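Undergrad: Sequence:
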Amino acid sequence: MEAARESMAALVDAGLYDCAQTLGCFLVSSSPASSEAGMSMKVESLVLHGDALHGEKEFRRALSAYKQAMQYSKNIPRQATSNTRSSVTATGRSPSPNSSSLAPLNENEVKFKIALCYSALREHREALQEMEGIPSKARTLKMNLMLGKLYRISRNNRAAAVCYKECLRQCPYVFEAITALAEMGLSSKEFSLIFSQAPNRGGKAPGDSLDAQRWWNRYVEAQCCIASNDYKGGLDIYLDLMQRFPNNVHILLEIAKVEAIIGRNDEAIMNFEKARLIDPNIMTYMDEYAILLKSKSDYTKLNKLVHDMLHIDPARPETCLALAALWERKDERKALTYAEKSLRVDDRHITGYIMKSQTSGELKNLGPIFALIKIKSYHQSNTYTISGLVRAYLALSKCKDALFTAREAMKVMHQSAKALKLVGDVHAISSSGREKARKFYESAIRLEPGFLGAALALADLHVAEGRNKDAVLLLERYLRQWADDSLHIKLAQVFAATNMLSDALSHYQSALRINPHNEAAKKGLERLEKQMKGVDPDAPEEDEENEADDVDGDQDDAELL
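Just so we're aligned, residue 1 is where the sequence shown starts under the UniProt record's numbering, counting upward by one.
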């Protein structure tokens with residue numbers, strides 16, 4: 001069976017896992033010789049079969065194959081294997097299946113493969129136990145990275161930091177480790193020290209190494225700024241790096257993400273579009289781009305984005321969330337289904353939990369949402385993740401939990417207008433807390449005068465308290481500096497509520513001139529026109545119209561392609 005085993009190794013290396021796992025069924029079912037060489041061949045066949053099953057994403061079966069290989073390996077006398085220990089390759093298999101003296105099993109590599117299977121099955125505790133069984137000196141770069149992730153999932157940040165630092169000592173360009181360490185509070189000086197300990201690969205000239213360290217240091221500084229919620233500082237560094245690396249898709253996406261976090265939605269959309277022009281097949285952060293387009297009611301662009309993403313990779317969580325954003329206005333239940341599907345694909349994708357908390361109309365079971373957003377907020381506390389948790393608590397009327405979480409955000413994010421606004425949002429829920437909410441909104445505006453979210457929330461509060469004139473004065477003051485469709489819509493709503501219908505009409509029209517796709521402006525204008533005709537805008541539609549709307553709304557996903 002040596003020829004078959006050699007062929008199976010070639011099939012696995014070529015990525016032909018289906019053929020390899022079928023051949024593996026023959027190899028592992030053959031009766032092994034009682035000799036030590038026969039036992040070693042059996043072990044190798046089991047590892048190869050495990051590799052083929054792992055490639056086919058049959059992780060539970062791969063796990064069984066690897067464990068059987070480990071068990072058979074223990075029955076091989078140690079004395080017989082000690083002489084060939086040094087010839088083992090990093091694949092966990094012998095270097096040559098035709099060799100007369102087969103190398104022993106690389107137990108550390110097989111333990112790593114077992115951990116990968118457990119991790120793919122989301123059994124992280126078992127994966128961590130396997131990885132901890134690998135001696136620290138025997139861990140490769142990929143092993144240290146994997147162990148760092150597992151420690152982080154288990155909230156053991158100290159142990160995770162040790163693993164991530166070791167990754168950067170082996171190779172300073174493990175960007176996942178850079179991001180993780182920045183989120184755990186490592187300073188840029190500590191990063192520089194690690195960089196100096198990294199090996200100089202390929203004997204590069206000192207000048208080339210210095211140039212690499214300069215831009216690497218700047219990138220690290222940006223990550224540290226963002227992790228500490230200094231978004232402006234991080235954004236400035238990213239913009240500086242764009243001068244050095246024009247058309248860098250990764251930097252463009254990072255800029256867009258930060259701009260979305262701080263509320264610069266128009267600039268974020270523009271940079272997402274730039275990234276897509278450079279690389280039309282990019283999927284990273286495209287779910288967040290989709291959510292921005294939905295917030296702008298730009299369903300033409302959103303529909304095009306979803307069409308492209310379905311064509312690129314319909315199985316990615318980003319695609320599911322883009323579909324959720326597209327369907328939310330027509331069929332909330334279907335949008336929720338897509339949000340849940342994204343979490344089945346990747347249960348660590350935080351945007352999926354936030355989208356689910358926003359989309360679910362019933363919100364009956366948000367326990368997993370709280371758990372994941374909490375875990376993420378421990379890793380990176382920003383208004384995006386924490387506001388998702390606060391909204392979920394408020395949806396379940398858990399105001400005390402929402403207030404506690406919002407106050408924690410204020411402690412973590414010093415001098416953050418958005419954190420102040422978040423606390424105000426919680427207080428504004430009850431009539432007794434509106435005065436406190438007003439103070440928090442006003443503090444947010446003083447801290448960041450251009451923060452429209454706080455201005456709109458304060459205007460809503462004025463209206464709720466019957467201070468319509470104060471709301472109008474506030475919104476008109478902002479309109480003199482910012483021509484924003486959301487300000488016009490809010491003014492139109494205030495005027496409509498006070499029966500100043502012509503003024504309301506003017507502002508709805510202004511909003512649509514700025515953003516012709518704004519769904520809120522269209523609906524508001526339609527409602528206003530009924531009021532002006534003396535028709536009750538809250539009266540139910542005719543059955544025929546409802547049926548027509550349903551037919552129009554029930555667009556099949558296949559049509560998007």
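Hint data in this document are derived by calculation from the structure and do not stem from the laboratory.
These numbers were taken from a predicted model, which means no experiment stands behind them.
Note that beta-carbon positions come from the ideal geometry of N, C-alpha and C, so glycine has one too.
Any given hint might turn out to be false.
As the list claims (entries may be wrong) - Taking lysine-lysine pairs in the DSSO-like style, the calculated list, with each CA pair at most 30 angstroms apart, reads: (1) Lys74 with Lys137; (2) Lys296 with Lys330; (3) Lys257 with Lys137; (4) Lys469 with Lys411; (5) Lys189 with Lys296; (6) Lys400 with Lys142; (7) Lys411 with Lys330; (8) Lys301 with Lys341; (9) Lys165 with Lys232; (10) Lys439 with Lys232; (11) Lys57 with Lys67; (12) Lys232 with Lys189; (13) Lys257 with Lys296; (14) Lys274 with Lys301; (15) Lys523 with Lys469; (16) Lys398 with Lys411; (17) Lys341 with Lys330; (18) Lys436 with Lys411; (19) Lys334 with Lys301; (20) Lys436 with Lys398; (21) Lys274 with Lys304; (22) Lys400 with Lys411.
Claimed, not checked - Derived CB-CB ranges, DEER-like: (23) Asp236 with Arg60: 27 to 33 angstroms; (24) Gln243 with Cys19: 33 to 39 angstroms; (25) Arg158 with Asp236: 30 to 36 angstroms; (26) Glu190 with Thr22: 15 to 21 angstroms; (27) Gly185 with Ile278: 31 to 37 angstroms; (28) Arg214 with Cys25: 51 to 57 angstroms.
Undergrad: Hints first: check each against the structure and report whether it holds.
TA: Evaluation of the provided hints:
1. Lys74 with Lys137: Distance ~22 angstroms between Lys74 and Lys137 Cα, so the pair holds.
2. Lys296 with Lys330: holds (16 angstroms)
3. Lys257 with Lys137: violated (38 angstroms)
4. Lys469 with Lys411: At roughly 34 angstroms apart (the allowed maximum being 30 angstroms), Lys411 and Lys469 break the hint.
5. Lys189 with Lys296: violated (41 angstroms)
6. Lys400 with Lys142: violated (43 angstroms)
7. Lys411 with Lys330: violated (39 angstroms)
8. Lys301 with Lys341: holds (23 angstroms)
9. Lys165 with Lys232: holds (27 angstroms)
10. Lys439 with Lys232: Between Lys439 and Lys232 the Cα gap is close to 25 angstroms, so the pair holds against 30 angstroms.
11. Lys57 with Lys67: holds (17 angstroms)
12. Lys232 with Lys189: holds (20 angstroms)
13. Lys257 with Lys296: Measuring from Cα to Cα gives roughly 16 angstroms; hence the hint holds.
14. Lys274 with Lys301: holds (14 angstroms)
15. Lys523 with Lys469: Roughly 24 angstroms between the alpha carbons, so the hint for Lys523 and Lys469 holds.
16. Lys398 with Lys411: The hint holds at about 20 angstroms.
17. Lys341 with Lys330: holds (18 angstroms)
18. Lys436 with Lys411: Between Lys436 and Lys411 the Cα gap is close to 18 angstroms, so the pair holds against 30 angstroms.
19. Lys334 with Lys301: Judged against 30 angstroms, a Cα distance of about 20 angstroms means the pair holds.
20. Lys436 with Lys398: holds (18 angstroms)
21. Lys274 with Lys304: holds (15 angstroms)
22. Lys400 with Lys411: holds (17 angstroms)
23. Asp236 with Arg60: 27 to 33 angstroms: violated (49 angstroms)
24. Gln243 with Cys19: 33 to 39 angstroms: violated (50 angstroms)
25. Arg158 with Asp236: 30 to 36 angstroms: Because 31 angstroms falls inside the window, the suggested range holds.
26. Glu190 with Thr22: 15 to 21 angstroms: violated (51 angstroms)
27. Gly185 with Ile278: 31 to 37 angstroms: Because 33 angstroms falls inside the window, the suggested range holds.
28. Arg214 with Cys25: 51 to 57 angstroms: holds (55 angstroms)
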